[in-house]
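Asks: Sequence lines, in order, name chains U and Y. Heads up: the first sequence runs through residues 1 to 275, numbered per the numbering used here. Heads up: the second sequence runs through residues 1001 to 1383, numbered per the numbering used here.
None of these hints come from the bench; they were simulated from the model. Possibly wrong hints are sitting among the right ones.
[Said to hold, decoys possible] Some but not every residue of chain Y turned toward chain U, in silico, with C-beta under 10 Å:
no.: 1; residue: 1017
no.: 2; residue: 1019
no.: 3; residue: 1046
no.: 4; residue: 1052
no.: 5; residue: 1057
no.: 6; residue: 1069
no.: 7; residue: 1073
no.: 8; residue: 1177
no.: 9; residue: 1304
no.: 10; residue: 1308
[Claimed, not checked] Using 20 Å as the maximum straight-line C-alpha spacing, the simulated EDC-like pairs for lysine to aspartate or glutamate come out as follows:
no.: 11; chain 1: U; residue 1: 222; chain 2: Y; residue 2: 1070
no.: 12; chain 1: U; residue 1: 73; chain 2: U; residue 2: 34
no.: 13; chain 1: U; residue 1: 223; chain 2: Y; residue 2: 1063
In this text, a Cβ means the ideal position worked out from N, Cα and C, and glycines have one as well.
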Amino acid sequence: MKILVPLKRVADPDNANKVKIPASGEKIDTTGLEPKPNPFDEYALEAALRLTENGQTPKVRAGEVIVVTFGPKECDTTLRAALATGADRAIRVDTTDDKLDGDLVARALKAIVDREKPDVVVMGKQAVDGDSNQVAQLLAEYLDWPQATFAATVHEEDGALLVGREVDGGVITLRVKLPAVVSVDLRIVAPTSVYSTKTARTFKYNDGVRFAALPAIMAAKKKPLVELKLADLTADVAPKIVYNAFQAPPARKAGIKVKDVADLVLHLKDEAKVL
Amino acid sequence: MSDAFDLENPTEEHRLLRNTLRDFVRQVVEPQADEHDRSGVMNKALLKRVGDLGLLGVTIPADDGGAGMDAVAAALVHHELSKSDPGFALAYLAHAMLFVNNFYWASNADQRERYLHKVLSGEWVGGMGMTEPGTGTDVLAMKTTARRVDGGYVLRGHKALITNAPDGDVFIVYARLDDQVTTFVVERGFKGFSTPDKTRKMGMRASMLGELVFDDCFVPSANLLGHEGKGVGNMMRNLEIERLTLAAMSLGIADRCLEVMVKYAVERQSFGKPLVEHGQIQRYIAESYAKTEAARALVYTVARKVSPDTRNRLGTDASKLFAAPVGKEVADAAMQVLGGWGYCDEYKIERFYRDAKLLEIGGGTLESHQKNITKELARLVSG
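Only chain U is shown next, with the shape it has when bound in the complex (with noise of 0.2 Å):
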């Protein structure tokens, strides 16, 4: 089977608060933040990982892993460490966060899949700095291909794969034919949630994304990793949404206290109007 990953670099999500918003509220400031893989991109890869081999055997790939990014030349990083785990080549589209959008993302993306021709695009549910979820959708749509997404378990079948996904009251059990869009939710990576035909049922991952073995980081750098350039897959790159400003949300104001449970439910009826 032969995967498309799309991944996205973000500011370091454990330190999400330490992001700035300058008085002039143009941007988003992230200075001063480590920049990471975006977790559900990370699952998505691992997902990806496990559908291409026999998990007894993980160093042999059944297939090809293609990883693909946008973003500028520090981008790469992200991409070797994607080689580093086991995708097999990676591909860079020259662009910077600022300048794109996830309508534009999924057209671009699109362009990407009439050349290499994927069985899946397997992709993360959302970024978690935008948490716009809306790449998968459209990249579906403009595909025309049958899309699951927050995928919490992929079994491969023969020409389609059975997509668990994780709903108020169970889980609702879809069969996409290939080819298809998944996206994926974080328990994707439990030992049990994803298993590819070569793998027995009985066999049983270590839970979490796999860590790039140290002789896989060596060779990552002998890995093909292309650039191209945004305006070769699409020839409309401008982006649908335009930002005008950012603000913070309001600081959260100290609390009360009550005297008694009398004023508490003055309070929840005069002030919260909960009551």
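With the hints as your guide, set chain Y onto chain U.
Replies: Then chain Y, alone, in the frame of chain U:
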């Protein structure tokens, strides 16, 4: 800037390795550290997991199944592991540096064929026997002897304070043959070889310490490592990367303890203000930071000049002589800043404090480094 020179990560591969290790240490190593400190048992499953990541052969060329990386990478691995579990890092060091690295550069093709795969995967645990009950720093006064017999050698003697002795499967052993130090590979199961009960100790409890006893132990000729009488060369070459990686462990301890003490001092209030605003506390924090950064600069500068083909005795002795007390002093400062909470186990400082002391002793006492450095400097003057 990403293009600026980064002493700790001179290449993209080093940076990738460090990022991977940080994730691995946070998710896999940290959660098991307290348990193994308390039980005093080495986590063999973790060593195997580390083997799956290719870390047991950091310095072994890729053609022979290793990662083909340099001494900087070896220092990096010990540094990062020691931020969570210096005890495990020591067991790793005894395996990957004292056995695997030492063995590889001294072994022949047949020996590599027989042993390398088993120790690179972590299927077998390795160790090294140099110190004896009566000889530590004066290592060349060792009393363990070897004599030639039909088809091999017979070893007689006793090694002590050997990391990984209780659960090791294979050891590099130094013994006198015709009064010349010679290196042998001894497997558990060789007739006349035994490892009595583990030796109890203050810290580094996630690695096990014990004795190697050779009671007329027969070692086949095929297990002579290198040449008869040439053991000192193996020993000295390997001592360099051993000292460097031990120094990197002290740096990891200092990094962790500094992080804990600063966080605590920001959060904890005393006399109506945070601890960080008290001058006495500022001295602990600022001096710990400066010492840690100095140790980092020395360890990684020296690491760039350590390789199997070059000698760097001065640099490696200096890095351990300087970094080991820094690890201990920063752990001590952290305990002082945390007060009673530092002495209790919740913040883990007491574990790092116990672990840190070993590095002033193991792999060369501070006094041995002082002796070596002075001797070398004097030799450069007098020729």
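Asks: Each of the hints needs a verdict: does it hold here or not?
Replies: Here's how the hints hold up against the structure:
Because the closest C-beta pair between residue 1017 of chain Y and chain U is about 6 Å apart, less than 10 Å, the hint holds. With its C-beta approaching chain U no nearer than about 7 Å, residue 1019 of chain Y sits inside the 10 Å limit, and its interface hint holds. Below 10 Å, beta-carbon pairs count as interface contacts, and residue 1046 of chain Y has none with chain U, the closest being about 12 Å; its hint is therefore violated. Among the interface hints, the one on residue 1052 of chain Y holds; its C-beta lies about 7 Å from the nearest C-beta in chain U, closer than the 10 Å criterion.
Restraint check, residue 1057 of chain Y versus chain U: the minimum CB separation of about 8 Å is within 10 Å; hint holds. Given hint, residue 1069 of chain Y at the interface with chain U, holds; its Cβ is 7 Å from that chain's nearest Cβ, closer than 10 Å. Here the hint on residue 1073 of chain Y is kept, as its CB sits about 8 Å from the closest CB of chain U, short of 10 Å. This hint is violated: residue 1177 of chain Y has a C-beta 37 Å from the nearest C-beta of chain U, more than the 10 Å allowed.
Using the Cβ-Cβ criterion of 10 Å, the hint placing residue 1304 of chain Y at the interface with chain U is not satisfied: the shortest such distance is roughly 18 Å. Residue-level restraint check for residue 1308 of chain Y is violated (minimum Cβ-Cβ distance to chain U is 17 Å; threshold 10 Å). Annotation: proposed proximity of residue 222 of chain U to residue 1070 of chain Y holds, straight-line Cα distance about 18 Å (limit 20 Å). Distance hint between residue 73 of chain U and residue 34 of chain U is fulfilled; the C-alpha atoms sit about 15 Å from each other, no more than 20 Å.
Only pairs whose Cα atoms come within 20 Å are accepted, and residue 223 of chain U paired with residue 1063 of chain Y is accepted, the gap being roughly 18 Å.
Checked against the numbered hints given earlier, this structure breaks hints 3, 8, 9 and 10; the rest are met.
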